[in-house]
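On the provided structure of chain A, position chain B as indicated by the hints.
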Amino acid sequence: MFVAMSEQVHDIGNLQAMDETAWAELQEDYYRRVYFYVKRYLGDHQTAEDLTQDVFLGALRGIASFDPIYSLDQFLFGIAKNRVIDHYRKHKLTLMPSKPDGDSDKSQVWLENLAPDKAPLPKERVVKAEDEARQRKVLGQILREHVSELWSAGEFQKLMVLEYLFVIGGRNKDAAMRFGISDEKTVAGIKFRAVERLRGMARQHDPNHSLFIGLWSPGAR
Amino acid sequence: MSDQEDSKQAELDAKLAFTVATVWRSERISCPHPHVLQSWLQGGLDGGAAEFVAFHLQDSECPYCNATVDDLKARDDEAKLPVLKDMKDRLLRSTIAELKKAKS
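From first to last, the protein sequence lines are chains A and B. Residues in the first sequence are numbered consecutively from 0, following numbering that gives the first Met the number 0. Residues in the second sequence are numbered consecutively from 0, following numbering that gives the first Met the number 0.
Quick caveat, the hints were computed from the structure, so don't treat them as lab data. Some hints here could point you the wrong way.
To be verified - Here are the simulated SDA-like cross-link-like pairs (lysine to any residue), alpha carbons at most 25 Å apart as the crow flies:
1. A:K157 <-> A:R192
2. A:K172 <-> B:A48
3. B:K100 <-> A:I62
4. B:K87 <-> A:G179
5. B:K84 <-> A:Q45
6. A:K172 <-> A:H145
7. A:K38 <-> B:R89
8. A:K190 <-> A:M200
9. A:K157 <-> A:E129
10. B:K72 <-> A:E48
11. B:K72 <-> A:T46
Excised from the complex, chain B in its bound form:
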């Protein structure tokens, strides 16, 4: 392959990688189901799957799955997080107020 062909190939690869990366992230292609995340939290996953979930959460730092894991942990630890209950009430009040405004 000539230098020119190599360069063209590199450009094509970069375009393809960019497209794949963008879609992979936005479509959350490898985000495990919340049930899988729950199993991982409880230590119920096999070696390879557990390793992948740990990689996805800790190396890739997927913010969506980390949010789900934080949520699952908080549900198990509800009593220690009254802040969430208070927040839920405040959020609901502001949403209802906005709904009333939108309807009027």
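So that you can see chain A by itself, here it is in the shape it has in the complex:
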């Protein structure tokens, strides 16, 4: 149910070999979504088109070091996100913190946690970065399984509550109001059971308790 946004398969080898047909196909598959993604943040058509062009040129320059741990979707939209952040910084536009109970633009929360461009890592940080990449991959797998379970079981309210809490960063109290739940303790219970479920799933992937910050620490619920 929840998969990458493109079903078309693109051969990384051909892209890395700078094959014109491969690049034309990639662009045909993605340019509209990249354009609409960028335009959502910038509004203006011409700036969005310019940034879309920058995204593909950035992809072309970066494809040689494409890391197969990521999908092409993540690669392209990662560049798009960085271009948007660069644009905000260059024009001194403020990324407003999102408030789930306010009217602020919540699409801003999707821009967080990204450095504008990858700087070379010092040696001592390489191992840490590899651990983090492994952690993200496994946690992504676990979360995807859990979300698929909720979707298959028709537990859409729970899914919305979890997305509200984890993705938007909403508070239990606001989630209760937003979803017509009797009180915030019920919301806390939904979150608690989800975390317990994730922990249960994580045990299979992390028998040595070496991957997840907070999950296995003494005292962690």
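Same frame as chain A, but now just chain B:
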């Protein structure tokens, strides 16, 4: 539980929530398949699923799924958006020029 334990617990919860939030967003954990978004656009989804998709697009404001929905709408409305066709041609020209530069 003592205050100290409570505080430690809160710190652990915050770390876990931060990790989950970061991975959830970057891996697009709850982004529905484009076919689901298409069905939603056409009014073909059941109550709960339709409500979730609307929440994901309008409350969470997922920029990836909104881009897909904008794309799907534009495809249905191609004639009104010649701007996309023109843009596609310009993008392709600049990419080809860059490819030639990279090869030389």
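Hints versus structure:
no., hint, verdict
1, A:K157 <-> A:R192, "10 Å, holds"
2, A:K172 <-> B:A48, "24 Å, holds"
3, B:K100 <-> A:I62, "15 Å, holds"
4, B:K87 <-> A:G179, "45 Å, violated"
5, B:K84 <-> A:Q45, "14 Å, holds"
6, A:K172 <-> A:H145, "24 Å, holds"
7, A:K38 <-> B:R89, "17 Å, holds"
8, A:K190 <-> A:M200, "15 Å, holds"
9, A:K157 <-> A:E129, "33 Å, violated"
10, B:K72 <-> A:E48, "18 Å, holds"
11, B:K72 <-> A:T46, "21 Å, holds"
Violated hints, in rising order: 4 and 9; the structure is consistent with all others.
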